[in-house]
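With chain A's structure known, arrange chain B on it following the hints.
Protein chains in written order, with our numbering: chain A, 1 to 294; chain B, 1 to 294.
No lab work stands behind these hints: they were computed from the structure.
Hints are not guaranteed to be accurate.
Which bits of chain B does chain A cover? Going by a derived footprint, with three or more residues having C-beta under 8 Å, they are [stated by the list, open to error]: (1) 155-167; (2) 170-181.
Just the calculated beta-carbon pair ranges, DEER-fashion [unchecked claim]: (3) B:Ala206 with A:Arg93: 28 to 36 Å; (4) A:Pro99 with B:Thr46: 43 to 51 Å; (5) A:Arg275 with B:Gly40: 58 to 66 Å.
Anything over 10 Å on all C-beta distances counts as not near chain B; from chain A, calculated [what the hints assert, rightly or not]: (6) Ser16; (7) Gln38; (8) Leu52; (9) Arg56; (10) Leu68; (11) Leu98; (12) Thr137; (13) Gly140; (14) Val141; (15) Arg232; (16) Thr248; (17) Gly249; (18) Arg251.
All figures in this text were calculated on a predicted structure; none of them were measured in a lab.
Note that beta-carbon positions come from the ideal geometry of N, C-alpha and C, so glycine has one too.
2 protein chains.
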Amino acid sequence: MSNCHGIVVGMDGGGSGCRVAVARVENGAVGRVLGRGQGGPANPATDFQVALDNLRGAIHSAWAQAGLPEDDLPKVRAFAGLAGVRDEEMARRVAQALPFVNSQVVEDRLTSVTGALAGENGSVAPIGTGSFLARQTAQGVRYLGGWGLALGDDASGAWLGQQLLRQMVRCFDGIAPHCDLSQQALAEFNHDHARIFRFSSSAGPARFAKFAPMVVEAAKQGDPLGHELMTRGADYIVAGLAALGYETGERLCLSGGLGPHYADYLPAPYRDAMRPPKGNALDGALYLAARGAG
Amino acid sequence: MSNCHGIVVGMDGGGSGCRVAVARVENGAVGRVLGRGQGGPANPATDFQVALDNLRGAIHSAWAQAGLPEDDLPKVRAFAGLAGVRDEEMARRVAQALPFVNSQVVEDRLTSVTGALAGENGSVAPIGTGSFLARQTAQGVRYLGGWGLALGDDASGAWLGQQLLRQMVRCFDGIAPHCDLSQQALAEFNHDHARIFRFSSSAGPARFAKFAPMVVEAAKQGDPLGHELMTRGADYIVAGLAALGYETGERLCLSGGLGPHYADYLPAPYRDAMRPPKGNALDGALYLAARGAG
Numbered sequence: 001m002s003n004c005h006g007i008v009v010g011m012d013g014g015g016s017g018c019r020v021a022v023a024r025v026e027n028g029a030v031g032r033v034l035g036r037g038q039g040g041p042a043n044p045a046t047d048f049q050v051a052l053d054n055l056r057g058a059i060h061s062a063w064a065q066a067g068l069p070e071d072d073l074p075k076v077r078a079f080a081g082l083a084g085v086r087d088e089e090m091a092r093r094v095a096q097a098l099p100f101v102n103s104q105v106v107e108d109r110l111t112s113v114t115g116a117l118a119g120e121n122g123s124v125a126p127i128g129t130g131s132f133l134a135r136q137t138a139q140g141v142r143y144l145g146g147w148g149l150a151l152g153d154d155a156s157g158a159w160l161g162q163q164l165l166r167q168m169v170r171c172f173d174g175i176a177p178h179c180d181l182s183q184q185a186l187a188e189f190n191h192d193h194a195r196i197f198r199f200s201s202s203a204g205p206a207r208f209a210k211f212a213p214m215v216v217e218a219a220k221q222g223d224p225l226g227h228e229l230m231t232r233g234a235d236y237i238v239a240g241l242a243a244l245g246y247e248t249g250e251r252l253c254l255s256g257g258l259g260p261h262y263a264d265y266l267p268a269p270y271r272d273a274m275r276p277p278k279g280n281a282l283d284g285a286l287y288l289a290a291r292g293a294g
Numbered sequence: 001m002s003n004c005h006g007i008v009v010g011m012d013g014g015g016s017g018c019r020v021a022v023a024r025v026e027n028g029a030v031g032r033v034l035g036r037g038q039g040g041p042a043n044p045a046t047d048f049q050v051a052l053d054n055l056r057g058a059i060h061s062a063w064a065q066a067g068l069p070e071d072d073l074p075k076v077r078a079f080a081g082l083a084g085v086r087d088e089e090m091a092r093r094v095a096q097a098l099p100f101v102n103s104q105v106v107e108d109r110l111t112s113v114t115g116a117l118a119g120e121n122g123s124v125a126p127i128g129t130g131s132f133l134a135r136q137t138a139q140g141v142r143y144l145g146g147w148g149l150a151l152g153d154d155a156s157g158a159w160l161g162q163q164l165l166r167q168m169v170r171c172f173d174g175i176a177p178h179c180d181l182s183q184q185a186l187a188e189f190n191h192d193h194a195r196i197f198r199f200s201s202s203a204g205p206a207r208f209a210k211f212a213p214m215v216v217e218a219a220k221q222g223d224p225l226g227h228e229l230m231t232r233g234a235d236y237i238v239a240g241l242a243a244l245g246y247e248t249g250e251r252l253c254l255s256g257g258l259g260p261h262y263a264d265y266l267p268a269p270y271r272d273a274m275r276p277p278k279g280n281a282l283d284g285a286l287y288l289a290a291r292g293a294g
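Same shape as in the complex, but just chain A (with noise of 0.2 Å):
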């Protein structure tokens, strides 16, 4: 036999890139890995033969660096955790079009739990431009949240956008009193109506998102909006974990780009339970493959 069985192949995509890992699989753990690739989008429901191409690019420029026989990568054990996989006919579809004999796909929120988590149980919250929480135990895997924006992704980045320039549209039209935060806003767009209308009438959470750092950083000086709003996104945190079954103490992972930022307006013991994650979506993936391949 080939040393193939030996070695297992962790995917991660999105809406922005992917990236695969080529890893040796040690004692049914991940090991050392051998090659890395990358490449563009690869959300199979955005564009399905795009996700695919850029996919296999990044595959073989992974293994290449591996250095293995090329005959031998269809053989591997290979996991895929992407974005846009929602039900079990995307799943197949994509299984089915990867170069692998032995291969399984599933949504990214799994490979970001179990990345974060590195299988041990507690509770992730992914927090960057959308969010979601999960909470890992023996059971395996609940989720909570993670809507979308137009219906919840609250404590988000684009929730935090959205909800400063509510704010500051209510303070332009004279209903709610201005405060730095809310001035900083409106300068954004040159005091000028025209341009708050355009930009509401057509941006998406990605543009929305783009005003979380200054929510951030405003809160951190002590502005009353930028505090009220990091206040409300850690209270749904905290509401969310409670409806999960978190239990006070339990492991608690706040990551994504705006994760951490919340730690400050939690209360304390689920400040003290805030441990960073042990790996993101891509050491998930090749942790679920490597766990397959026993």
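Relative to chain A, chain B alone:
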């Protein structure tokens, strides 16, 4: 001179259709309506050519019904209030493309306010799929709100529906307790996570607004969530009126499909000041055309 000096044309256009009326001016006011026409969507910001074609068709129907000489059409004074006319440049482009020597084009906000108040002072809250507020005084008209669903349009049908669905997913997630209304909303999605997610990823204001009648009805039946949402909408109207300088007792028109439903949630002095609108946006366009005609 032909009798066209005593004739005016009024136009009202938006995303769902356009209407045109030809009327006689009597003693400087709008007199008998001689002809009416209607047509498809006429929002020039959405599709300029379609808007113009639909308006022209409706103009010629109305003119034919009025039985006036065809040669006189370009000579009459015309006034159009159209959705999507947000700047002078767009107004001029439309005016030049209409078949009148003397036509004025504005956003339909002005014709709708003018129609509701028939030139008198007072405040108007047109609340349908979207919302805005306006106050007419001797100094002119001042507007508030109308930023679109992402940043404002509070109290509107789209806002009511979105708030309902936001609360529904919080109940689904176990963050908030269910009530009859949240259960009813969930039943519309067959309690299916994937359906809710798909809706939230793609729905625009009109689709959110379809849930507004459910909120209005539940509130009437005493549902706590329905009551809370209608009260929050009414609070926004009161705060917006205050910011516009509204004085107790001034004429107040809550128009549009939803406006009148807020009456029960307003403080008594506002309820007592409520008057039905005197006319619609087409009446407003005729009024402004006639006033222009002297």
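Which hint numbers doesn't this structure obey? The structure breaks none of the hints.
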